Each structure stands twice: as structure tokens, then as C-alpha cells.
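Protein chains: 2
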Amino acid sequence: MEEVGSQQSSRSAGLNWERAEEVMKAKGIAALIATTPENIQYVIGSQLRASNWTMQIYAVLPADRSTRPCIIIPTNRLGVVAQFGITNVDIFAYSDFFVEGTIEGKPSTPDIDLFYSLLQSTVIHKSPLDALQAALKQLGIEHQPIGIDEMRIAPQILEGIKKTVPNEAVIPSYGLFRYIRLIKTSYEVSRLQEAAVLNEQIEKELIDLIEAGVHEKQIADHYRLAVMKGGGIPAMTAVGAGPRSALPLIENYFHTIESGDQVRFDLCLQLEGYWADTGRTVVAGEPTPWMKKHFDAVKSGWETALEHVRPGVKASDVFHAAVSRVQGEGIPHYRRQHVGHAIGLELYDDLTLSPGDQHILEPGMVLCVEVPYYELGAGGFQIEDTVIVTPDGFEFLTHMERKLFTK
Amino acid sequence: MEEVGSQQSSRSAGLNWERAEEVMKAKGIAALIATTPENIQYVIGSQLRASNWTMQIYAVLPADRSTRPCIIIPTNRLGVVAQFGITNVDIFAYSDFFVEGTIEGKPSTPDIDLFYSLLQSTVIHKSPLDALQAALKQLGIEHQPIGIDEMRIAPQILEGIKKTVPNEAVIPSYGLFRYIRLIKTSYEVSRLQEAAVLNEQIEKELIDLIEAGVHEKQIADHYRLAVMKGGGIPAMTAVGAGPRSALPLIENYFHTIESGDQVRFDLCLQLEGYWADTGRTVVAGEPTPWMKKHFDAVKSGWETALEHVRPGVKASDVFHAAVSRVQGEGIPHYRRQHVGHAIGLELYDDLTLSPGDQHILEPGMVLCVEVPYYELGAGGFQIEDTVIVTPDGFEFLTHMERKLFTK
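Chains as they are written, first to last, in the numbering used here: chain V, 4 to 410; chain U, 4 to 410.
Excised from the complex, chain V in its bound form (with noise of 0.2 Å):
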């Protein structure tokens, strides 16, 4: 059982629990119900997805630390937990599901073996309503107010609940579990750490690549093969080549690179449910001075966001800084809504750098910081990295150059 083990128990640091224990008191509810995906993994350290938008699977995080998390899962999902290793839950399951057999003196290996007690001990249930209430009730807080992520649960599920519990106390939830995910654990920054990293490497080959004649598409192919091999899954592949890298989000592709065109880059991924989203600008031969001008401008706002990013400074300050410093650099015209936003198991966590945003620094948050400015009919230009709030100020949790890239 080594390796499924292992696997799961590193998983479920992602955690903040002391956070989440602070939201439940402080709200008095007695569990946080975990509906989307991300939720899920950050609370059990797995996601375990559906097929279809009606198919229902909720994870509960008890307030009480001496009861366990609980899953609400299909039947049929019980050889996913067994292969993913999830041992420290209780499982409510529901829906017909057979397997004939036994493994009794057959070949075997370690899910099967956790596949086949599950099947054996696990009580399945008429439907995801029953099963959740089954939970609450083993819980002993199926008459106690609740949190509820309400973004992935089917609303009639969401009624039949809210009858249950005295006053239909069910506060939503989705925006607490994103204020408990603000604050990393040590196991998320790695994770984190690693996602970026890979983009990283991946986006110097991409650099690699360009020179005239190559279309933007075989740069964003080569970019999504290379990420489904490093284990990850690609998403945004922002490649945009001449007039192209004035676009700010790009996701086809149209442009063939010509000689001295700049090649905006802005690329996310997923690696085990942990986001990254990195970018660099190169130029297919010699910069004009237009485009050093515009680029040295663009990346003095980005080390000015960073002289900010530091605990007890709020988020709109951080954004003013870094605005005002691109309009005295050279274009005086700029505009931007953010100058980047936190990441984690969302590409955009629950804190933006933007006018709007009162949220204060505070160690442990990892940011995606970038300043990029798109001007159509001319071009585009993009320094994006990630950062960890520190005591002190800040960490790089990547390391490649930050220049102005050429070819």
C-alpha cells in the first residue's frame, strides 16, 4: 500500500486548517461542504470530477478536528478513491454500481485491494440528498448550521438541505473556502513552486523556437505537448506574434512570425490541481527603440509592484504604484484593471492587485505579478512571474531572466 498511501497523505497538506477552523467558528458553522472541484482537493487532496453537470460529489470538513472529513461520491466513483488513495475520509456513497468477484488468494495490487473493502464496507445510499444527510447525521450536526460551496451543487440538492437544518441556517460558502485558500501552506507552495517551474522550462523552449517563418500555432502546439508531458494540463497558451501580441487574451492562432517581430507570451497550466501562469516578450531579430522604450517602461511598473508586495500593504496600493510608474516611464497614457492576482487551485485566487481591491499583504499569499500593455496596430509586451508574500517582503518562486528576450 506504499505508494497509493503515500500519495494521499502528502496531498492532504494542502490545507489551511487552522484558517478553516477560524471561518467555521467565526461564522458558527459546523462544516464547510466543499461542491467545486478545487474545493475538494483542498479539502480530501484529490479531485475527484463527475461526468456530467448532474452528477453530484461533495466533500465535508468538519469544524470539530476529532471527526473526520466525509466524501459524497457515486458508487461507481469508489475505484477512483481507492486508486487515488484517499484513506482518511468516510465515504457516503450512492447509486447501483456492480463488480462480481473476490481477490482471495488472486493477484493483486494495492487499490484493488483498498477497491475491495471499500465495495464491502461502504453503505450506499438512494441518492446525493440522503447521502450528504447521512454524513451530517454521523457527524452529529445534521441539525447545526452549515457552509455550503454553492457553485456546484445541483440548487434543487441546495433546497432539500436547507429544510433539513433549523432556520435553513446554510450560509453560501464558495468565498470562504477562496478566503481560507488566500493563505498558502507550506505543501501548496510547492505545489505551486513546481507548476511555475515547469512553465518556466517549457516557455524557454518556446523562446527556443522562434525565429521567422514559424506560426504562433506550432509555438502554442509545442507548448501544450510539452506540458501534457511533463504531467500537467495546458490552458491559456497566449502566443501572439507581430500585430497579434497587442491581444490580450489569445487562444487560436493566426500569424506566421516575420523578422523583428515580437512574440508576447502569456501561458497557464495545471500540475495535480495546482495552477500556473507565467510570461515573457521576445523579439524575432533586433528590438526597435519603440519596443525597448515600451518594454523598459512596462517592466520598471513590474519592479515597482514588487517594491510594494510586502505584508500590511493593501492590494490598491500596490496597483497605484505600479500604474503610475509605467505613465512616468514612457506612456503616459497607461491603463490597466490589475497588476496581477493571487493564484493557487484557481488560476485567479480571491485577491487582485486593482483599484478596487482593500484585501492587505500577508505572508503566506502567492501572487502572479505582471504589468503587460497591449497596443493594437503596434504590439504587446508582458513580464509575468509568481511570488510568495514573505515576512519580509517577498520570494521569486521562479528564476528566469526578466529581460526583454530577442532571437
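Because the hints were derived from the structure by calculation, they are not lab data. Mixed in with the good hints there might be a few duds.
Since copy identity is lost for identical chains, a pair holds within one copy or between any two.
[To be verified] Straight-line alpha carbon distances no greater than 25 Å define the calculated DSS-like cross-link-like pairs of lysine-lysine that follow:
(1) K207 with K232
(2) K317 with K302
(3) K220 with K232
(4) K406 with K296
From a predicted model like this one, the values you see are computed outputs, not experimental measurements.
Dock chain U against chain V, hints included.
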């Protein structure tokens, strides 16, 4: 604009307008509002994925055919709309987003031209709720009953919309979309066939890889990379060898193939939003009499299921016929929860060939038919293929041999 425009117009052909119109008339609603990526693709021809759960993206399909569908998007998605050439809709954007410059007289691409014109012409609303209300108002239906796909809308926005509609006449409509999507258009059948053909091509490559000494994970990795190379997105990659062939859902890999092992494949991918789900069983060597007997029983059941697939037959009758046949052909204890499912923009569309499903088969339904058998300690067997229900019976979308493969 050719490339962008033609891509769009071919995609929007996915929608079964007649069926959508019939549903809206029967329910007395003036529009169907899609919120899940699948239903959004169904309305406008492209998925517009959000970067986290708070981001709200909707597509409004008005019952009045003389008006155009509308999309509600964050302003920063205008570029993605342009890149996928989504031109048959009215756009209601929300939240700030800044891009500078002009393209007059500058090098450009069709998507930049469209993006630029969208930036000039699109009104920016304050919030997704404001944008959605503006869309309903422009359609002249802001005080009429509407249907909203309830699965991917923030609950507070759903509450906001309910307050503006007389008697809170907002019908949960995820199920209505699924009902409409059950009868495929010819465009959809082509997309599903392309997805299934890609899946089969790669499955043949996997069969070629099977030999003693190869680890399940090597085969699974080959599948995932091949799917990406083919332009798809890999999903569940069930590669179970030896004792693990008896596991139903497989998402993790622990076994190295030994001589004589049977290997069960159940492989899922998405291509341009449409799913494929096909499977086979292979023996690395000479099948034992036990393997032959059980494979033959499963294959008989699968053939019996197909013999019953024709318009007018109840889904549950297909189920009972197939299960009885397997029981009569040598697995008397055979049990199963379903022997197939509809497939489309979701892996499981709204019909299963199961004891509780009262759907009557109709031409245009696309079904994955599968009669697997799982016996722990012994082995598992699978044939899964995709068929379309025709006026006379069915036609396969795929053509790979349906035998117990040997290597």
C-alpha cells in the same frame, strides 16, 4: 475574414432550433439562457470558458427567431469572441478592460479587425446581472418568463434575475437543454463521428503497444499525447491490465503487463467540444477458455442491445434484453446498472439504457452502447461503440473490429 467567419457559421449549426422552439413554446418561456460551457457552445457554436467560478458567462437563445442570440461576457473575452469568429450574436459585456491603439493603416489579421470593431461598438455594463438584464431588455422580453440553465450561474445573480421577472417566472432549464440536445443535428453527428474516429485510430495504436513488460501508464500517456496531437482533449483513460482489467473507472496506473494478461480499454476524449467514448479488450498472448467464454457472453449481450436499438423502443427494454442475453450466454449472475448512454456535448447526455429510463428511442439520438463485465480477481471485458439511431435501426459511427484482440 473568411477563415474566422466560416469557422463560426459551421459551428452554430449544432443547435436543433426546431426542438428548442418547441420546448420554449411548451414551457411558455421567451428565452433559454445557457450558463454551462456545453450549453453555451450549443447556442453560439463555441465554448467561452471562465477562468474561475466567480466569472459569469451566459448565452441567451430567444424564442423569437427573428432576434439574435446574445452573449454576456466579461469585456476581456471580446478578443476570444473575435478569435473564434462569433459574429452571429449581440454582445453584452461587463467590467473594465483596457486596450490602447488603433489599427488604421497598420498590419492586422481578421481577428484583430473584428476585435477592434467590437471594442468600438460594445457597451460595457457594470455587472453580469446588469448585462443580462440589458440583453433581455433589448430582446423585449425583460418582463416575460424565461428559462435559465441553473448549473453554472452564481446563486445571487439568479436571485437578482428572479426579482425582475413577474411572479419570479424563472424555470430551471439545464434539463430542457439536455432534452433538446438529445436529438442531434447532422452537424453534431459529423462532429461526434470525427471524435469517435480519432478515438478509434488512437485505440489501434494502443493495441499495437501491448506486450509483456509495458506499463499501463506508458499506454495511458501515449493516449493522452496522441489525443492532444489530434487536436482533442483527453479525459478518462481507462487502461487496466491483468488484475486491473476488472476495475471499472481507471484514472491511475500500477501494473506492468505480463504475458497472458488481458487489457481493458475505455477511452474518452473531447474534440471541438464533442465527446467520444469507445472501448475494447485485448489479450497479451493466447486467451484462456475463461476469457473466451466471458468475452463471448459480453459480446452477445452487446449485439442484443444493438438489435433492439431502433425508433420506438424504450431505453429500459434495450437494457433488459442485453442483460438477459449475457445471463443466458454463460454469466448467470450478470448485473449491470446500464448498457449505454447518450453522448454529445456531455459525456453522458440525457438518456441511459438502464432499468429506470423510460425514454423512447428516436432517430438522431447518438448512443454509446457498452455491456461490460467486471470480475475482481479474474478480469474485465469491454466493447463500447457509438451509434446513431436511424429511421430503420442504427448505424455505427465507427468501424473498428469488435473482437477479442490478441497480441
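These are the hints, each one checked on the structure:
no., hint, verdict
1, K207 with K232, "both (15 Å within a copy, 21 Å between copies)"
2, K317 with K302, "within (21 Å within a copy, 65 Å between copies)"
3, K220 with K232, "both (18 Å within a copy, 12 Å between copies)"
4, K406 with K296, "within (13 Å within a copy, 66 Å between copies)"
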